[in-house]
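J.: Residue numbers (our numbering), protein chains in the order written: chain A, 390 to 944; chain B, 390 to 944.
Quick caveat, the hints were computed from the structure, so don't treat them as lab data.
You may find that some hints are simply not true.
Given that identical chains are not distinguished, each listed pair holds provided it fits within a single copy or across any two copies.
What the hints assert, rightly or not - For lysine-lysine, the following DSSO-like pairs were computed, each having C-alpha atoms within a straight-line distance of at most 27 Å:
1) K712 / K567
2) K884 / K397
3) K769 / K571
4) K578 / K884
5) K712 / K425
6) K656 / K443
7) K443 / K750
8) K571 / K805
9) K567 / K750
10) K425 / K571
There are 2 protein chains.
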Amino acid sequence: MTHPLFEKHRSTLDGALAAIATRGYWSAYPEMPSPKLYGETAPEDGRRAFEAHKGQHFELGQPGQTGWHGGEISPYGVELGTSYPVCTPDALIEAAQTAMTEWQAVGAQGRTGICLEILDRLNKQSFEIAHAVMQTTGQGWMMAFQAGAPHAQDRGLEALAYAWREQSFVPAEAHWEKPQGKNPPLVMKKHFEIVGRGVALVIGCGTFPTWNTYPGLFAALATGNGVIVKPHSNAILPAAITVRTIRAVLAENGLDPDLVSLCVTDKRATTQALATHPAIKSVDFTGSNVFGQWLIDNCRQAQVYAELAGVNNIVIDSTDAYKATLGNLAFTLSLYSGQMCTTSQAIFVPAGGIDTDEGHKSYDEVCADLARAVERFLSKPEVAHAVLGAIQSNDTLERIALADSGELGQVVLASKTLENPDFPAARVRTPVLLACDAADERLYMEERFGPISFIVKTADTAAAIALSERVVATHGALTVGVYSTRQEVLEAMTKATWRSKVALSINLSGGVFVNQSAAFSDYHGTGGNPAANAAYADSAFVANRFRVVQRRYHA
Amino acid sequence: MTHPLFEKHRSTLDGALAAIATRGYWSAYPEMPSPKLYGETAPEDGRRAFEAHKGQHFELGQPGQTGWHGGEISPYGVELGTSYPVCTPDALIEAAQTAMTEWQAVGAQGRTGICLEILDRLNKQSFEIAHAVMQTTGQGWMMAFQAGAPHAQDRGLEALAYAWREQSFVPAEAHWEKPQGKNPPLVMKKHFEIVGRGVALVIGCGTFPTWNTYPGLFAALATGNGVIVKPHSNAILPAAITVRTIRAVLAENGLDPDLVSLCVTDKRATTQALATHPAIKSVDFTGSNVFGQWLIDNCRQAQVYAELAGVNNIVIDSTDAYKATLGNLAFTLSLYSGQMCTTSQAIFVPAGGIDTDEGHKSYDEVCADLARAVERFLSKPEVAHAVLGAIQSNDTLERIALADSGELGQVVLASKTLENPDFPAARVRTPVLLACDAADERLYMEERFGPISFIVKTADTAAAIALSERVVATHGALTVGVYSTRQEVLEAMTKATWRSKVALSINLSGGVFVNQSAAFSDYHGTGGNPAANAAYADSAFVANRFRVVQRRYHA
């Protein structure tokens, strides 16, 4: 009695299960926005679907609706004007709780099949979602397509694969027969029911409204929970499209669509009341330390999976590919104007400079060469706009201005304002590079979100490694990097990352970047330093989202 | 390059892995204290080993020792007089942290092999440990042997099997090759290192010093963590023997024994400072709500796995085996004088009575018949002493006296003080049964630990089921039971337990009891109601005790 949707998507699930076991390259959803892969009319259909949302009420048919709310501001200056249903949280919670009973009865296999169908349907909407992501976050088109659609879907599928694997270990029933010597054995029949913990709240962020939302969403949903998605106030549309599709697939399968809903509010207090509601049993969050820590401190009734701020950093000791290293770093610092949670903020360089294949380079030369590399990389406007995108928030614009003023350190490369010919009102800024001394900890040892990086002068390589470890252990990081031609340096850095628990990229000089994290292969976050208390994705990310309730009787 | 101890114990591990997958009956360690199974001299050797601890310093060779502390009082009135090393917590923490580096390097397979060897060695000490458990907890001999030794070892092995399964999913390395169309593929080599979260603290309880300690101990140890065992102040010896054996096996394998240590203190403040120390990353606890909740509220730096108090309960609707049902309940209420965290405290009986194979029985008749069944079961002194054991704490003695006074409800069966001929100073009490109305919630709706049970009169069966659900949801429970000949009642109770998340035993009338939980098959606790935030054992119990740190580079 395999669920038909489980059967339909079995090869996708099997691929994902094999991928999380081997952690080699694998992807279920094509990352190229190509008509050959997505259908000849897909790009235009997706564009039109996106355009059709502009200025409209986004109908979801949710319970408890009291009005409409919108107000997203596009970093590209595009007028969006979509408004979304505002529903009372209590109505959403109650409806989700009611819907959970039949969702539990569907069983792990059925839930997995339906989640696979949802992902497949979201994949078919990739162009529409990509436009929504681009226009709400300021990502460039290619990133918006890849990170917003197929890569986000891969991350959702990854979480789903973990959830299925853990649930599949729980037998539905057992025959328990204990020998009693010469007496008849004790025989019991046992049943094991997987039950969700309760309604899940998934709080999205403003920069990656799908990529950072799908892991928690699918982990919670697959394990039997109703889910309320609370998007960032400026990135609602990608979440709304996602929720509508989920609700449609649920309804098509005879299930109550209110299992999954969208919660839109402009009041922090509403989100706080929702997050601390006794019925909310898990909270997934990506965002600031302030609100994230508030959630951890106050949502005592729930499991909180939080990805917070950090100070990603890189140690440069030496390289045998100086030019390629600078090019790799220039791309990392420029991509989406440094608005990735994985972008490097602090680059530690020994005061005595570094050995390279182009001779010894002083600290000042490294600063100047990296600045030139960024300038060169962004010298063609079409490359610059595709890579940089636009600045997501006014706060980031202000931080850039502050950095440019020299108050945060010596300006090695000033930020420039660019004009995007396609979007004249777009807020485009190039990265700012600052130089400072390791002792100036107040400058670089807090997250300065956006295209702001510090080239930090350290006493030597050993000091740089020790500093990197301390930064990660105390302030957190999702990524660190090291460049060295010396094995002992790589080993010391490796051991430092084991202690501080952060992912390490070594000598990246080609087409892979420290700020990129590949689903099924790279763990995004370790869950072991202050930047995140969970990883995308592993068993720990799913195993505590459901519980097993047994019953037994004499057989 | 399989670790020799992994190879040596592979069949035990394979058996455990198969058992957690099928949840049928399985056990690695014989539960009968038989010389045929444990060796002809094992009983006497074990007795002598136990006797040799009396009045002695229990040497462990731990760092930071400042003195000795003992003072365990045997519920059997036996003079123990063993004292244990008092060491500064900071010294134990620092030594464990240091030892963790090489423990990490041993790898998951090596750690699993060494833990299997430890369990095997503990099994060989079963008689010694059983005497230690009996004399510190007041358990009867058979229970002390079974629950204190082989069943505790099974629970440790079960946690170890989960820990190994989860760790075995993490590949040591991966080859990642991403196609780039007509260009050469991107190729990365990746390494994945399993690292423990940090030093674990395992806080034992006074009634089951090994059974409730081994799951957390082996889960934490196997996943790469150092462990500090903080036993209950009156049940130190079983933990001390365990820790000494672990340290010996570590040393034999060339490892730093300070990875695992015993922390003895008579100051609550010392335990509190230890539990909230920044280096302590997990806390396993079994015990009172007051201290457990304090740990959950204050140990924000650690994962807390807590088994707390609850109000286990049973709904009696009807039965076709009245006599056997009463006999089964009489055993449950008597076993270890009701001092099990799984003993039923509230028995819900409809005001209109119940239908049985011996005709309709009024509420009052059920009360009287259950009282008689307990009396009859305990009428033979040798049975009574073997089953009851002795009362572990003065607090429990006082609670029994309070119940006997009639202040907690109408006394249906008064507790009796028995004289144990083998241990004249033993504190032996028979169970007290009270009758009260469902409305008298203050009487039965908090845990009254010990041989104190309430037969609660409910309006009808539906009210009993609703009350059971509410008690579990609000006060927690590890076990509930139901007796009914009607399918709709069983279904309603089953659904109630899915909502309140508690294990259900149905119509137990034979040789299995609601307060018994079999390793590998029965989940002990669901982790979904206030009685426990984790289950023994499941993936969630182990998966968050380690983290994975990756590194990657161009291949």
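J.: With identical chains treated as interchangeable, where does the CA-CA distance between K571 and K805 reach 27 Å or less: within a copy, between copies, both, or neither?
T.: neither (87 Å within a copy, 36 Å between copies)
J.: My question is about K769 and K571: at a cut-off of 27 Å on alpha-carbon distance, are they close within one copy, between copies, both, or neither?
T.: between (87 Å within a copy, 25 Å between copies)
J.: First find the shortest C-alpha distance between K567 and K750 inside one copy, then the shortest across copies, and answer within, between, both or neither for a cut-off of 27 Å.
T.: Neither, since 74 Å and 33 Å both go past 27 Å.
J.: For K578 and K884, with the copy left unspecified, which applies at a CA distance of at most 27 Å: within, between, both, or neither?
T.: Between copies only: 18 Å across, 50 Å inside.
J.: For K443 vs K750, is the C-alpha pair at or below 27 Å within one copy, between two copies, both, or neither?
T.: Cα proximity of K443 and K750: none, with 53 Å in one copy and 71 Å across.
J.: Using 27 Å as the alpha carbon limit, work out where K712 and K567 are close: within a copy, between copies, both or neither.
T.: between (70 Å within a copy, 23 Å between copies)
J.: Reference check for the pair K712 and K425, CA-CA at most 27 Å: within, between, both, or neither?
T.: Answer is neither: 36 Å inside a copy and 75 Å across each miss the 27 Å cutoff.
J.: For K656 vs K443, is the C-alpha pair at or below 27 Å within one copy, between two copies, both, or neither?
T.: Within one copy only: 23 Å inside a chain, 66 Å across chains, cut-off 27 Å.
J.: Given a CA cutoff of 27 Å, do K884 and K397 count as a within-copy pair, a between-copy pair, both, or neither?
T.: The answer is neither: 45 Å in one copy and 31 Å across copies each exceed 27 Å.
J.: Could you place K425 and K571 in one of the four classes (within, between, both, neither) given a Cα distance threshold of 27 Å?
T.: Between copies only: 16 Å across, 71 Å inside.
Checked against the numbered hints given earlier, this structure breaks hints 2, 5, 7, 8 and 9; the rest are met.
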